[in-house]
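There are 2 protein chains.
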Amino acid sequence: MIDAALRDGTASRHSMFELFARRLSGGRRFGVVAGTGRLLGLLREFRFDDAELKYLADHHVVSRETLTYLENYRFTGSITGYREGELYFPGSPILTVEGTFADAVILETLALSVLNHDSAVATAASRMSIAAGERPLAEMGARRAAERSAVAAARAAYIAGFGATSNLEAGRTWGIPTMGTAAHSWTLLHDTEEDAFRAQIAALGHDTTLLVDTYDIEKGVETAIRVAGPQLGGVRIDSGDLAIVAAEVRAQLDALGATGTKITVTSDLDEYAIAALAAYPVDSYGVGTSVVTGSGYPTAGMVYKLVARQDANGGWIAVAKKAQDKGSQGGLKTAFRRLDRGIAYEELVEIADGFERSATPADYPDARALQVPLVVRGEIDTAHEGPQGVAAAREHHLRVREELPVRALALSKSDPAIPTVFADAGA
Amino acid sequence: MIDAALRDGTASRHSMFELFARRLSGGRRFGVVAGTGRLLGLLREFRFDDAELKYLADHHVVSRETLTYLENYRFTGSITGYREGELYFPGSPILTVEGTFADAVILETLALSVLNHDSAVATAASRMSIAAGERPLAEMGARRAAERSAVAAARAAYIAGFGATSNLEAGRTWGIPTMGTAAHSWTLLHDTEEDAFRAQIAALGHDTTLLVDTYDIEKGVETAIRVAGPQLGGVRIDSGDLAIVAAEVRAQLDALGATGTKITVTSDLDEYAIAALAAYPVDSYGVGTSVVTGSGYPTAGMVYKLVARQDANGGWIAVAKKAQDKGSQGGLKTAFRRLDRGIAYEELVEIADGFERSATPADYPDARALQVPLVVRGEIDTAHEGPQGVAAAREHHLRVREELPVRALALSKSDPAIPTVFADAGA
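In the order they appear, the protein sequences are chains Y and X.
Take 1 as the starting number for the first sequence in the UniProt record's numbering and just add one per residue.
Take 1 as the starting number for the second sequence in the UniProt record's numbering and just add one per residue.
Calculated directly from the structure, the hints in this document are not laboratory data.
Careful, some of the hints might be misleading.
Which copy? The list can't say, so a pair holds if one copy fits it or any two copies do.
Stated by the list, open to error - Here are the simulated EDC-like cross-link-like pairs (lysine to aspartate or glutamate), alpha carbons at most 16 Å apart as the crow flies:
| # | residue 1 | residue 2 |
| --- | --- | --- |
| 1 | K413 | D353 |
| 2 | K54 | E169 |
| 3 | K413 | D283 |
| 4 | K413 | D366 |
| 5 | K322 | E134 |
| 6 | K326 | D216 |
| 7 | K219 | D340 |
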């Protein structure tokens, strides 16, 4: 497309793309924006290197003119968007990317890849975090996601309310608290379960968590307390009917005097399983597969659409795809979340007449403005990047989640918690 | 674990880990191994750099002794496994990793991340490829997978029978044929649909594929043929009821004399949608979301378990986890696919008494041996890496898929196509 657009001159038309979701996957009641800080970091490095250009040239993918364009590529446009950690609803203008057509269209795959993945994980993670209530949640799913996605997933889960990750690379890159766990191979490595427990306590002290289900849970718990004493930090259970087993293990621990020893469970948990365990004596959850794969919805289904552009005379016109099932809404959008006594009741999206935003927060005193500048004429706002961006996103998420109406917290499939209302500024 | 194992001396115990799947996700009838070549490439670079070691030291994650171990880490063990592209069934010993406990356990997350993701994609892709029959399939899902996973997904889809990808990085890295497509933004960028089509033809010639559903499909097809003439290469439809629309568009194209113009469809296809379109005039499919996310099963659910190790006296013993729902089968395994007149009827897994394989292909003249050496005492077999590894894996997959019984080709949920039979060599 860039090749053909450079040829016919349309590549330089000033354009505005919008990244949004037509619907919320899986009948979710809200979505969580995640990946923004990661996207900005990737945008900072977004260049075409010699090996890449050589491949495009050798395989005649694009013309020489396009190769020169790519060689010099540097995003000099602007991006406005929802803060990372913010909630979103169908039609929320999550990102608005402005620049020449070529400069902005080339970011489509990158922006969608990052936000679709990270938001899918964050949305699932937020539901799990709501289901877990005050009990700590740890992300332990690295092995069930591709090796780099796993790091991004740990980051998204933390933003959406998880407290820690077993992914050390996520700890190093994004400043997320990390935790570890002993695997069954640790027990199997030793000649007896008791040897394994003794070695773990010698290395990590009595505050460690022993995995007690390699052979027989009841014997495992008995051995654990015999070896560690009643001051043992915790036991982990990774198989069986967790509700029943947790109750049995709690009773056994209490009978052995280990009333302070905590119970962690970890077997194929998702938000529904976590909710079902609320009434049972579980102290913390470790979640793997379901969080890193978006609990059944591994992509958020966001799209990136041209919504406005210059015409041949330099005028500014809104554009939209007309397909009934996959249409889009043209024009520059300004978004507000309207609140009644602090509780959200509407996602208001005002569509501007032309290139300039026509609505301001002052127009809606009951509303919170949702968009912030992320990139201004090529300058990336560093506040959203790196560990500080992650910390800010988590704080923002936990704060704005409090604005959700109670019905938004249920796990069953439903309509979005609040409606999205489009308002035409010209009307 | 490594920290504690270095402390109590068990880190150096010779160990054997097995990577396998307890079941096939989603009632699939077979699984497809993918990611092996990628794993070997990552293993070649698997080191701990200064920044990583500094993080582990600064955060007191491991002891000084362990830091030294990690600093010098280099895998010097051996890996035997199924060829990439091979089919697998529950309990198939997909990889067997031999080394000291520390050397082998440290690869757990990497091996599982790569194989779980890539095999999930390849398994879904193979089903789509079977459903598509002779019609070409292109992978176009980069925007619905995290940015690096997307490249791995394109690779896995190609191994499992897709013919091309829109992911240029996958083309560059893995030698996969690439293709491109015009988006709706291309049409919307231009003042009229006709302008967009003329510009595309000027850049790419008459053999290109025009996207005809931005405004009105019937008018789009009429404009496309008026502009390009009846020698137009193809049209793409990305919305609506594809079966009905394809039939209408075919009739319209034929009436306009464009009998050779092909129809590509691309809207939310999965293996079921592809199968349902078999009787309609569609020439090729572009698949996005469903293939890169494993069509509902984004991870293959493989695990990495210690199956044998030295004991304190240097003897060799099989070990296994006993949990009823998540048990494992100890011991070194040798795997064969038994064939009757070229059709598979059994996955035979022979369990050795000790450290040496006891079964050889000569023991089962009707069988194909499934395991090949991938790494021998630290030396990686380069035949499996890079583009040559991908080409070999694809060829292998398409060949061994012919061995499947007819019932394996149905898409509905079922038991595995062939049973896995464990045989005890000592029995």
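Structure-based check of all given hints:
1. K413 x D353: neither (36 Å within a copy, 52 Å between copies)
2. K54 x E169: For K54 and E169, the Cα distance is within 16 Å only across copies (12 Å; inside one copy 32 Å).
3. K413 x D283: Answer is neither; intra-copy 28 Å and inter-copy 37 Å both fail.
4. K413 x D366: For K413 and D366, neither the intra-copy (29 Å) nor the inter-copy (52 Å) Cα distance is at most 16 Å.
5. K322 x E134: Close neither inside one copy (46 Å) nor across copies (33 Å); limit 16 Å.
6. K326 x D216: between (54 Å within a copy, 13 Å between copies)
7. K219 x D340: neither (56 Å within a copy, 47 Å between copies)
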